[in-house]
Amino acid sequence: MSTNGVPEVLRKAGFTSETVKALSSYKDEPRWLAEKRLEAWRVFEETPMPTRKDEAWRYTDISELGELESFVPYAASPDVTREGDLPGAVQRLIREGEENSALLVQHNSETTLRRVDEELSSRGVIFTDLHTALREHEDLVREKLFDQVPAGYDKFAALSAALFAGGTFLYVPRGVEVEVPIQSYYWLDVAGSIMPRTLVVVEEGASVTYIDEYASADAGEPALSNGAVELFVGQGASLRYVSLQNWARNVYHFNTIRSAAGRDATINSLVVSFGATLSRTNVEAGLTAPGSDSEMLGLYFADEDQLIDHHTLQDHIAPSAHSDLLYKGALRDESRAVFSGLIRVEPGAQKTDAYQTNRNLILGTDEAMAVSLPNLEIMADDVKCSHGSTTGQVNEDEIFYLMSRGVPRQEAEKLVVFGFFGEVTSRVPLRGLREKLDRAIEEKIGLGFEERVA
Amino acid sequence: MLKIENLRVAVEEGGEIVKGLDLEVGRGEIHAIMGPNGSGKSTLANALMGHPRYEVTGGSVTFEGEDLLELEPDERARLGVFMAFQYPSEVPGVSVANFLRTAVNSVREEELSAMEMYRLLQEKMRVMQIDPSFAERYLNEGFSGGEKKRNEILQLLMLQPKLAILDETDSGLDIDALQVVARGVNEMRGPEFSAIVITHYSRILRYIEPDYVHVMLDGRIVTSGGKELADELEAKGYDWVRQEFGAGTQS
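As given, the protein sequences belong to chains B and L, one line each in that order.
Just so we're aligned, residue 1 is where the first sequence starts under full-length UniProt numbering, counting upward by one.
Just so we're aligned, residue 1 is where the second sequence starts under full-length UniProt numbering, counting upward by one.
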């Protein structure tokens, strides 16, 4: 593996302010960013590691992660000039993924491949890693970077701001409609840490579908992925955003996805969590302008001793906005799932229309546990809001019904589980992605959950 | 074809419901089982299909020489046993078409091609006067009572079993729906098809004419006869059955 002249301090375990400075100078960053990073580092140092005494971490114990400072901060990647040079597993991810009109591959801490259809570039679409974007489009990046996920958000956001590397910048100019999805792949094959960061700006009247997909080869030793995703959608614009997390089981995944919507803007998000030993994702939709609309879909499947945690916020700041959240998860073995969702309606956000549903399906075990915490905080009086949550086992009457038609138990269970997730996947008009999700779900079901001996 | 001897069935809550029942159904025969609420009719149907909450505590059931009670519900279905449910389960997210494809290919030795499956489904939906858009709806989810029952008979037509057990398929149906359901069953009628029609009322038997009628009371068949027994029951009511055959008057 080439180290590409990566400074020594970035390659050895431990984060310090020296690491932050070394990264800034290695990437030859503008002074304002170097200062922002150091400021974020100070916030990181001042912020205590969350514990289960903190409300937002009550059901998610991260003590086994140990000191964040113990990870190697930066991992280099081999040079790549064409798609055929990528690791075989990454080529397969691309082949089996959604058709795309532009592609970025981040391997460990570095972006190794970029392809953008000529037609997109000619219409002014910018799609590149964040370091290149900072060199070539500094003003565009500077205006928005850290605006949605600032260092002050939490300790992980502070670390991400201080040490992000690689990353994605997507800019869709006013009125440009991108038909074919754009995709970033994040591939990790070493122990250590990566800090991916996504910044998407969709200008007025423009539209695009963008997918972040995370996958890895198990490096044995623990690894950390600490991400931040900032989404800006302008007036009347529309963004479909997908986050597909399918890390190997040595990875601890932390990610915060936040969006701001302009007047009459539409954001459809789908957050999928299949992998990692511990996965914590904050998903916050800011309904920041009148008429904005946010559909928030979530799909997760936990097995073995995985812990999958989603904290969501539908933040209704402007009046006459609509949000609709549906998170569905299956659990088996000794896994845990946490869903904590809040609909917050600020004073003045009249005519808010907000819905939130979380459903958990426990598959053939008494050991798995789902915690579901739906919440409303309403400070306006003319609103329509509802929330609901259910957690239950597979219904034996349904299984009997299907079996009575000749369908073997294993197939019947599969039908029920696919049916359960179908309510989410059928709302996503991306065929390649849906097939990928179906395959991942099928793999998770494996031989069936009744046969498996504990 | 089907031979039930001294069958006893218990449920977790409620103890023994079927208390030593004998019944033999030959090839091509239609048997009606009539009886008041609580006489054990539905328990019998569920036990024959193998519902896990119904425990067989005694007796035997053989189907074409095979011990039915040893088999899982799906294995019974593959032998050619079918039950039309009184209360079919809703299965969210699973479309009627997808489910029928899985089911038909499970009971058949050779899988049908997509085109053959499509044609078969269109043809059977026509018989049942079901709109083609029905195929894409989720199984029983949001179906009216009548739609659920038609869907049960649609499955009967698709799966072509040797023995169908209709568990109060007539309950809650208006006369038009009842006629459509009966037409579906009569479509199956022939020397290779047998049925047990379980009902509270004799009304359905005007459309599906039985060869034999049995009256069930307190977990047993207390009297049997031809189709004229249904008319007698209609005229005299279940009180007459209780007086003639109820507890205390056992022969």
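These are calculated hints, taken from the structure and not from any lab test.
These numbers were taken from a predicted model, which means no experiment stands behind them.
Mixed in with the good hints, there may be bad ones.
Said to hold, decoys possible - With a cut-off of at most 30 Å between alpha-carbon atoms, the simulated DSSO-like pairs for lysine-lysine come out as follows:
#1 Lys144/B to Lys53/B
#2 Lys436/B to Lys414/B
#3 Lys351/B to Lys436/B
#4 Lys414/B to Lys162/L
#5 Lys162/L to Lys3/L
#6 Lys414/B to Lys124/L
Now the hints, each set against the structure:
For the given pair, Lys144/B sits about 33 Å from Lys53/B by alpha-carbon distance, which is inconsistent with the 30 Å threshold. Between Lys436/B and Lys414/B the CA atoms are separated by roughly 16 Å; this keeps the pair inside 30 Å, and the hint holds. A hinted pair counts as satisfied when its Cα atoms are at most 30 Å apart, and Lys351/B with Lys436/B does not qualify at roughly 38 Å. Proximity of Lys414/B to Lys162/L is assessed by CA-CA distance (about 27 Å); at most 30 Å being required, the pair is judged to hold.
A threshold of 30 Å between alpha carbons decides the hint, and for Lys162/L with Lys3/L the separation of about 14 Å falls inside it, so the pair holds. With a CA separation close to 26 Å, the supplied pair Lys414/B and Lys124/L stays within the 30 Å bound.
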